[in-house]
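Engineer: Taken in sequence, the protein lines are chains X and W. Quick note on UniProt numbering: the first sequence kicks off at 1 and runs consecutively. Quick note on UniProt numbering: the second sequence kicks off at 1 and runs consecutively.
Please keep in mind that the hints were generated in silico from the structure rather than gathered at the bench. Don't take each hint at face value.
[Stated by the list, open to error] Listed below are the simulated DSSO-like cross-link pairs for lysine-lysine, each with C-alpha atoms no more than 27 Å apart in a straight line: (1) 86(X) / 436(W); (2) 436(W) / 71(X); (3) 75(X) / 436(W); (4) 71(X) / 237(W); (5) 75(X) / 237(W); (6) 71(X) / 152(W); (7) 71(X) / 296(W); (8) 330(W) / 71(X).
Note that the structure is a prediction, hence the values are computed from the model and not measured.
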Amino acid sequence: MTTTTRLPHAGRTSPRAPAPPDAPSPRPRPLARLAARGTPYLFIAPFFVLFAVFGLYPLLYTAWVSLHEWKMGMKGDFVGLDNYSKLFGDPDFWNALVNTVGMLVMATVPQLLLALVVASMLNQRLRGMTFLRLGILLPIVTSVAAVGIVFSQLFDRDAGMANGLLHLVGIGPVDWRAERWSSWAAISTMVDWRWTGYNSLIYLAAMQAVPKELYEAASIDGAGRVRQLFAITVPMIRPAVIFTVISSTIAGLQLFTEPLIFAQGSNAISGGSLRQFQTMSMFMFEKAFRNFDYGYGSAVAWMIFLIIIVLTVVNFLIVRRTR
Amino acid sequence: MGQIQRRTEGRARPLTGRRRLAAAVAIGASMAVLSACGSDDGTSGSGKTVLVVKTFSQFGYEDLYKQYEAAHPDIEIREENISQLGDYAPKLQQWMASGQGAGDVVALEEGILTQFMQRPDAFVNLLDHGAAPLRKNYLDWKWHQALTPDGKTLVGLGTDVGAQGMCYRKDLFKKAGLPTDREKVGALWQDWDGYLSVGKKFTAARTGAHFFDSAGSIYQNMLMQQSDHTYYTKDNKLVIDSNPAVRTAWDKTVEMIDAGLSGNIAAWSPQWNAGFKKGTFATIPCPSWMLGTIKKQAGDAGAGKWDVARVPGNGAVRGGSFLAVPRQSKHPEQAAELAKFLTSAKGQTAAFKGKGNFPSALAAIDSDDVRSYRDPYFSDAPVGRIFGDSVKALRPVYLGPQNNPINDAVSNSLTAIEQHKLSDAAAWKKAVSEAKRLED
């Protein structure tokens, strides 16, 4: 604030101000120059300050904690990488990793394909377009907790709608929380319901920039809608696809609320009786805030961070190469 | 206040998302900073000393605060309450770790206390503040729970205990052709074998309801009656696989699951909550503090349908809390005085009448007020007498440092049996190996 108001002021007064009498040559208004150079940095500073306080510091502090035996909220001995080596030998962690990646694939792949289809349908001239486009955004507005609670009821073992529908086609009731595949399916449905519309809108925005001539030419050449979608639309909106794949990957690896609410009961954090659907985030929370083993929990947090980076890069490379 | 169930109540609820989690941590941290600012001088605008009391769930102290303030004009009490123990426990950890925010008096639930007993130096030694003569006022084991093994440091003063009864649905019992009178029902289940055979009769009658909600709480109940220790010896050696008490409770529970008695309805889940109203299960072991939960979930329509009988076996207790003064308090002297007042027999009686928390002070347990107390909602059951008898019949049980996480592992294994996911032997093996891994 001070710098920005001083800037015009300094510009106005300096030319009239005489150079210091004892100076051999007039100096080029140091204050003004500093202000002019510094201002842009000042403008972007809030982000970096906030990032340093709420992003970088916790990150480094977590790393510090993870190198200690830190239980009951009290700092203990420095133990080096012990927490990490223990983590590598912990079957529950690998189980959580498999669950997380499994649900990531199960949720993200259909979600992005569906988003693509929805977006290409919305990209045509239809009546009430604005209404429809707004409509697909609605699921994001609803709270995750509400989604979780509603879907938990739908997938209830005794009185859920999902089992009711299965019953109509002659399939016996499924105990959705007891089996791995069924719990993954239920949670993936929740994730898809919430994020498909969001991704569609991103695709739609990208599609609007694709030149109409391409489609006209394709039509003349006799390409059908599906062919047009994969031969023209997808390659043309590739940056948007890369963005959605990466953001979905990151979100999927941090999956927490949906499975937690789905789990229900007092041991919800373990994600099912045999940890059928415990994600990495749930595992971290269990270690840190349920068992009060902060050192170990911090090690888990850092592993999640590293895994996210690795998987994001891998995904990025794959998506960039395919065309 | 309830050890396992209430402690975890919060986790049944949405712990919404990592962002919310991060927000909660941030808010917790800033609250810690703010409250530290507020209590720096520890006085309010009117120059009174402000004592901050941190509680979870319901302790029923509102009237007691007024009384205390009236008697001590220089003191102002502020209670900061967090409704779920599951949300309270991590915050308490943060306050204790950061050295600020814990206020002057904190409530410690039994499971939290066993963990904090490894760090008694984080709390004011109440023996230094004239607590020693109070010893005779309390149930002996309750006193010892908060006392270090060398007997030199007293971390907390007992509030309530989770005295056990067995709640049951009279209408379902009638439907199944069983007696409904609480004395006759209690006579049928003198021990857990009796409970099992009543359960078999009930199940054979096909009322459409299950005999109990889920195996976890039954197991927990039996376990607490078996021996003076469970997963740990008193010098904190893990004995889950060598303590016959654990195995006995486990085997009996599995027998009940195999007999089809369990509804496999997870405690604190929406179905469980609805089950009180709809009558999807006929019995549930109920610590005194659970009467409030049943009233809330079953609603007005449930009044008179539920009743309380004695719990099978020799009494039992599940849960209960303590009040402690963190070392970080700026007013340890006054805070200790307040804690003594709130945990006095008079204070505990008031809390029992207010919120159903059963007292741990002998004078309160034996007082006419408590002994003669009947609960109209539970068909006028003499709950004061039932829970009092239960508390006095039991022996103290030592809970080790990782008691709660181990208990979670065991009940998850029992759930896996209920879901037909694991055999008895495989589930047991899994529980033991998880417990051992927690020790590393």
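Engineer: Work down the list of hints and note, for each, if the structure agrees.
Structural biologist: Comparing the hints with the structure gives:
{"no.": "1", "hint": "86(X) / 436(W)", "verdict": "13 Å, holds"}
{"no.": "2", "hint": "436(W) / 71(X)", "verdict": "17 Å, holds"}
{"no.": "3", "hint": "75(X) / 436(W)", "verdict": "23 Å, holds"}
{"no.": "4", "hint": "71(X) / 237(W)", "verdict": "18 Å, holds"}
{"no.": "5", "hint": "75(X) / 237(W)", "verdict": "23 Å, holds"}
{"no.": "6", "hint": "71(X) / 152(W)", "verdict": "24 Å, holds"}
{"no.": "7", "hint": "71(X) / 296(W)", "verdict": "36 Å, violated"}
{"no.": "8", "hint": "330(W) / 71(X)", "verdict": "25 Å, holds"}
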